[in-house]
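Enquirer: The residues making up each chain are set out below.
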Amino acid sequence: MQKKLKNLFIGLGPGYHHQVRIMHSMVKEKCDSSMLFFHIEKNVDSIGDDLRFHYSMGYKDFPKTFDLFRDLIKKNQFDLIGIGFMSHHWDIYVELSKVIRKTLPNCKIIAGGVHAWHISQSDTLEHCDYICAAEGEELYSALVEHLSTKPDVSPISIPGLIEKYQGKIIHNPVKTYMPMDQVPFPTYGDEKTYSINAINEDNPILTAGDFMVNGHWGFVHIGRGCVFRCTFCINAIHKDPTVRLRSVDRVITEIKYTLSKCKNIKVLFFEDEIFPVRTTFLKEFCEKYKKEINIPFWICLYPHMLNEEKLKMLKSAGLVEITMGLQSGSQRIRNEIYDRKDKNEMILKENILLSKHNVMTYYDLIIRNPWETEEDLDEALDLINKLKRPYYLKIYTLAYYPKHPITIRALKEKKVDPKEVDATIGYLAVTTPHKVLAEENYWEDSFVVWHNKLRKEC
Amino acid sequence: MLSGLKDEKYFLLMAYHGFWFIPKFLLNFLYKKFKKNSKWELYVFSYLLEKLLVFRGYPFTQYALIAMTRLKQKGIIWVVKKTFSKATTKFTRSMVTTASGNASIIDEVFYKRK
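So the sequences go chain by chain: A and B. The numbering of the first sequence is the numbering used here, which starts it at 1 and goes up by one. The numbering of the second sequence is the numbering used here, which starts it at 1001 and goes up by one.
One chain only, chain A, in its complex shape (with noise of 0.2 Å):
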């Protein structure tokens, strides 16, 4: 009998990896496929001048956590490991492939992500073999059948891959992606799951077993896409954004085998990037949600798709909390610089309505924008002191991620050092404190370490 491909995926990062999980589902038939989150997390040493995060601490300093992964491999030998990363996970990039190749030198490796196959294709293509520049669900699964029966054959030619042939990159046209409702459920409570956790230390902790089972939060995904192309955001690259939603009774059927999984879960969060709010759609789902589901949930939104209608359906099928991407309290600025159409005037009309339904709002800023005049400032510091509560502000730093439309243009106007532009900087997001988590005692440190710099800066 043939030896099955020995595959494993890596989530980085501490998230919930629900596209890990869902490539896993794809191909966990098909081969011995295991699944492990890498997350190592720095000591925050300060806040720059440049209001990010500094740290003393760099990947080189976890010695024993890249040997703990080494070993992990070696003792697996997997013939194919695919790494998934987003711009400021790089650098563990580059160091996880650099223990793959030595370690394993027989080991394909693929890297995912729009880092990857977008932002810099040539130099991820040094420290792996191929790159998905696609939905990877049709693609990995071609690529575990091709390695597993004729891995000799190359090129592999399957749509949507980028792979080296003869000295030469190939990229491999993207064919149409399959069907939302035959995309797989993601994997949850798989006996090959591992964790590799170093916390503010070289002192790894690797674990068997999949740490989603025993949480109390789930994470669900709709569709994919986004119809909007904010400036400084990752979807702003597509040339013609579109939205793919999955059926109503698709996404109930999933909430209920997740929730059957983990059993702990008290509230489910709805990750899209914007939830989808069409009146029939809606209707249907939170009628089915209620009946079937029943438990509280959070959700995203761009600013004023709501009206009271829309928000009573959403309240009386649980909703208690609205991500909603505010980014600049300075219409001009929202307009003008970060290509979005919402008015002030708009946002506080919904801000009372939410208000008035007691949903609590976690309205997104971005502060240190460059184009922001003081005029500016004043304008959304009025707007803020207009909104009325519950809601709490996450705030964050103006990243210059390379080849996102904001970057190319700061770029151009010299509103930015061409150094700045490296999405490794530390990322920087602090959120004012929340009222239930505080009462549960969860304390973002980072929050205090920004307000002490701020404050040194007045």
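Hints should not be assumed to be uniformly reliable.
To be verified - To list a few chain A residues with every Cβ distance to chain B over 12 Å, as calculated: (1) R101; (2) K108; (3) C286; (4) G329; (5) P405; (6) K453.
Unchecked claim - In silico SDA-like cross-links for lysine to any residue, where the CA-CA straight-line distance does not exceed 25 Å: (7) A:K453 x B:E1008; (8) A:K415 x B:E1008; (9) B:K1039 x A:K315; (10) B:K1024 x A:W217; (11) A:K453 x B:L1053; (12) A:K263 x A:K315; (13) B:K1009 x A:W217; (14) B:K1086 x A:W217; (15) B:K1024 x A:L437; (16) B:K1024 x A:P303.
These are computed hints drawn from the structure, not numbers from a lab. Don't be surprised by glycine CBs; every beta carbon is placed ideally from N, CA and C.
Fit chain B to the supplied structure of chain A, relying on the hints for placement.
Expert: Chain B only, in chain A's frame:
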């Protein structure tokens, strides 16, 4: 950064609006003074708030508050058991990572899985 406004006072005052425990009348007072170009009220307030945030962030304060919350929610027996279990887990975990190499940790984890 070559250009861009670095007026941190605005950001501080905006952030304070996101604190549920700061009364609205106090925010309105700070806001009105700020708009009239009087900033010392904001400085005094931010100094006092900082002391509170730092105190709230001490590990001792955090543990004490967690213990009090759980005491109310689950009772004294649960709190004593949990404290004991946390202390022993911390002790045995440091024993494993220092006394044995990675290979044996991996074996142990795989063994537990099976």
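Enquirer: Indicate, hint by hint, whether the structure satisfies it.
Expert: Outcome of the hint check:
No beta-carbon of chain B comes within 12 Å of the beta-carbon of R101 of chain A; the shortest separation is about 19 Å. Non-interface status of K108 of chain A relative to chain B is upheld: no Cβ of that chain comes within 12 Å, the nearest being about 23 Å off. A cut-off of 12 Å between C-beta atoms confirms that C286 of chain A is not in contact with chain B; the least separation is 28 Å. Its beta-carbon lying about 7 Å from the closest one in chain B, G329 of chain A breaks the requirement of being farther than 12 Å from that chain.
With a least beta-carbon separation of about 18 Å from chain B, P405 of chain A lies farther than 12 Å from that chain, consistent with its non-interface assignment. With a least beta-carbon separation of about 8 Å from chain B, K453 of chain A fails to lie farther than 12 Å from that chain, contradicting its non-interface assignment. Our distance criterion of 25 Å between C-alpha atoms is met by K453 of chain A and E1008 of chain B, whose separation comes to about 9 Å. Restraint check: the Cα-Cα separation between K415 of chain A and E1008 of chain B comes to about 19 Å, which is no more than 25 Å; the hinted pair holds.
Proximity of K1039 of chain B to K315 of chain A is assessed by CA-CA distance (about 41 Å); at most 25 Å being required, the pair is judged violated. Distance check on the hinted pair: K1024 of chain B and W217 of chain A sit about 31 Å apart at the alpha-carbon level, beyond 25 Å; violated. Between K453 of chain A and L1053 of chain B, the direct Cα distance comes to roughly 13 Å. Compliance with the 25 Å bound is thereby established for this hinted pair. Proposed proximity of K263 of chain A and K315 of chain A is supported: the alpha carbons are some 24 Å apart, at most 25 Å.
The hinted pair formed by K1009 of chain B and W217 of chain A fails the criterion: a straight-line CA distance of about 36 Å is larger than 25 Å. Note on K1086 of chain B and W217 of chain A: the hinted pairing holds, with a Cα-Cα distance of about 23 Å set against a maximum of 25 Å. A hinted pair counts as satisfied when its Cα atoms are at most 25 Å apart, and K1024 of chain B with L437 of chain A qualifies at roughly 21 Å. Between the alpha carbons of K1024 of chain B and P303 of chain A the distance comes to roughly 23 Å, so the proposed pair stays at or under 25 Å and holds.
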